[in-house]
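Student: Residues per chain are reported as follows:
Protein chains: 2
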Amino acid sequence: MNVLVLGAGQLARMMALATKPLNITIRAYDVGSKTVVDPLALDNSYGDLNDGIAFADVITAEFEHIDHDTLAICEASGKLKPSAQAIKTGGDRRLEKALLEAAGVANAPHVIIADKADFDRAIETLSLPIIFKSALEGYDGKGQWRLKDMSQANAIWDDMANFIAEANTSVAQGIVAEQMIPFDREVSMVGARDAKGNTFAYPITENHHTNGVLSVSIATNEHEALQQQAALAFEKVADALDYVGVLAIEFFHVGDKLLVNEIAPRVHNSGHWTQQGADCSQFENHIRAVCDLPLGSSELVRPTAMVNVLGEDNLPQEIFTIPSLKMHWYGKTKRAGRKMGHINVSGSDKQVLLERLNQLADILPAEAFSDIQQYVRSLG
Amino acid sequence: MNVLVLGAGQLARMMALATKPLNITIRAYDVGSKTVVDPLALDNSYGDLNDGIAFADVITAEFEHIDHDTLAICEASGKLKPSAQAIKTGGDRRLEKALLEAAGVANAPHVIIADKADFDRAIETLSLPIIFKSALEGYDGKGQWRLKDMSQANAIWDDMANFIAEANTSVAQGIVAEQMIPFDREVSMVGARDAKGNTFAYPITENHHTNGVLSVSIATNEHEALQQQAALAFEKVADALDYVGVLAIEFFHVGDKLLVNEIAPRVHNSGHWTQQGADCSQFENHIRAVCDLPLGSSELVRPTAMVNVLGEDNLPQEIFTIPSLKMHWYGKTKRAGRKMGHINVSGSDKQVLLERLNQLADILPAEAFSDIQQYVRSLG
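Protein chains in written order, with full-length UniProt numbering: chain A, 1 to 380; chain B, 1 to 380.
By construction, these hints were calculated from the structure, which means they are not laboratory data.
Keep in mind that a hint or two might mislead.
Which copy is meant is left open, so a pair is good if it fits within one copy or across any two.
Straight-line C-alpha distance at most 20 Å; calculated EDC-like pairs for lysine to aspartate or glutamate [said to hold, decoys possible]:
id: 1; residue 1: LYS79; residue 2: ASP194
id: 2; residue 1: LYS350; residue 2: GLU299
id: 3; residue 1: LYS196; residue 2: GLU318
id: 4; residue 1: LYS196; residue 2: ASP242
id: 5; residue 1: LYS79; residue 2: ASP242
id: 6; residue 1: LYS88; residue 2: ASP30
id: 7; residue 1: LYS236; residue 2: ASP194
For clarity, every value in this text was computed on a predicted model and none was experimentally measured.
Turn these sequences into a full structure, and let the hints guide you.
Tutor: Set out below in structure tokens:
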């Protein structure tokens, strides 16, 4: 079985590693260079998109910000899973919000903005503070504004109007205004759905961010009520998209409720722990789903945590003395803040896991990992 | 870190899969074609042995039957781990027996045979039945004789003398005569030793063979007394070889004692379960050892079994419905009896494992797997 993945980053690489033992050959389409590569070697080319489509029995994606022409060409081949519509929905906050409303899944109050009238309506409808996010992918931190005080409104609108006008995107750029929700924490869920509609949801993870980037995810089985809410939301969203593959949902945990923050139509950083804490990882389950193989169990085997390695390409060898620790480097060139790899650690129970996480925090260099160290130590 | 593996089969492939996430690049030297290849792709060449040695920080091996010139060239580079002597010892039953005697490790009574006088001495010293095995690798089932009755002795000697004379080996062929031991079962142990002399022994496995080829290995934690004996033998053998890497030892279990049957200076088929039943697989631990990284835990995480797939390249997709089942195909061309892949299955306890094994036995096609089915069903 041959699979072409749209996108040639670490997610395609980990899909390839997970499914090489199934005799599934994965090639990746690098949307930047417009060439097909081996995601495990990267140093050779297997032609262009058409060559990749001809090679593939199945086409899938590792990210949602793929230009619509490429998606259309892939969908026309009849091999694309999940659908172009599902991928587009993950890449456009307007479609995402429409989907959540249609599926009846709780999310933050919001207003879609295309012009000044919409902007004014957002301010009338929502209470401050409001967060404005570009509908399509922002870049370099651009495309987000926070309105805390009405005196900022005009300046924000000017900047936003400019941003919309200057957008060089294949569909019109827009803005989604959202009521800012004071949440207790952020959790997320990855799950898989097959073509018959069977769903396998993994345990939710509790996530910690450093400078706005996910840095730690912890999966345990201790959040039963939240797990049920999240699994229901997962089913509603996946069914509404007639989704095939792994889908991730990020939630705000507010009181005893979960509100969807955003969805990602792909394997997700907060699901990397499944490589070690579940029988079948999100990577294998995604490929099983799109290749029409039976899905694997998503049950928790052991409490497991994932720690991202951001902007570092070398760690003390001493980390390997921690039992159950697995290092996952992505083979990428070092760049400040870049996701270079992640570490998974498991424990027979949560206490053992936390001991090992603290052991890890003590070994990681303080300069680069101070926020993660602080977070881990706060867990006890 | 770059590693060259002597041998380009499934063991090199699984080392590469296990350590790609450590940013370790593995190339494999195919001793047949005398070319260096990527063990995960195989379709490209990276030159000859000298190119491979120049590429490598470390050289290791996936099998012991490597010609001595190649070993000498690799050892001269200062990069070979384990040593050429350790690899040769695993490939020559005479050296193996000498090692076991020197290390004081129990094994079957035996006599080394180079000529007729040795043969006669073997018959005098050992009681019938006697098994005679070629010292260097046999091929196509040749190189083994069983003497059950003295009337067979002359014919066996004639054949054996012929075999020795015709051997086209770089060192002289010889024979090891062994007392045939009626054993209760065969068990084996894989373990790792680092350059500082630290050893990590995995739990022993109980092995079942089909037509003389390993077909099932089961690892549990229920053999405490045997585990201690095996771990002691492992330490003695590994220390005597000043071994670096993963080493396997096969034992006959006779009464309450273990007798060493043979050693393999490499990762071993009976250790494939460690991919799933231990925190750090034998493949990762072998590479950690030769790359001078701290060794990973060899403790059992869950009872786990490995079932070999011999001579088949296609199995019912239904196997994927069994929780915890992992399929490991080797990407090889189908040939009768060939090791094509293996299946790992785990359970939270032995009972759950046996239920899953029986579920698997029911799904596997009866024609190709009848012996395995019978064995699994006999376990309860």
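Student: Work down the list of hints and note, for each, if the structure agrees.
Tutor: Going down the list of hints, with the structure as the test:
| no. | hint | verdict |
| --- | --- | --- |
| 1 | LYS79 <-> ASP194 | within (15 Å within a copy, 48 Å between copies) |
| 2 | LYS350 <-> GLU299 | both (16 Å within a copy, 19 Å between copies) |
| 3 | LYS196 <-> GLU318 | between (46 Å within a copy, 15 Å between copies) |
| 4 | LYS196 <-> ASP242 | within (9 Å within a copy, 56 Å between copies) |
| 5 | LYS79 <-> ASP242 | within (15 Å within a copy, 54 Å between copies) |
| 6 | LYS88 <-> ASP30 | within (18 Å within a copy, 46 Å between copies) |
| 7 | LYS236 <-> ASP194 | within (14 Å within a copy, 52 Å between copies) |
Figure legend: structure checked against the earlier numbered hints; every hint is met.
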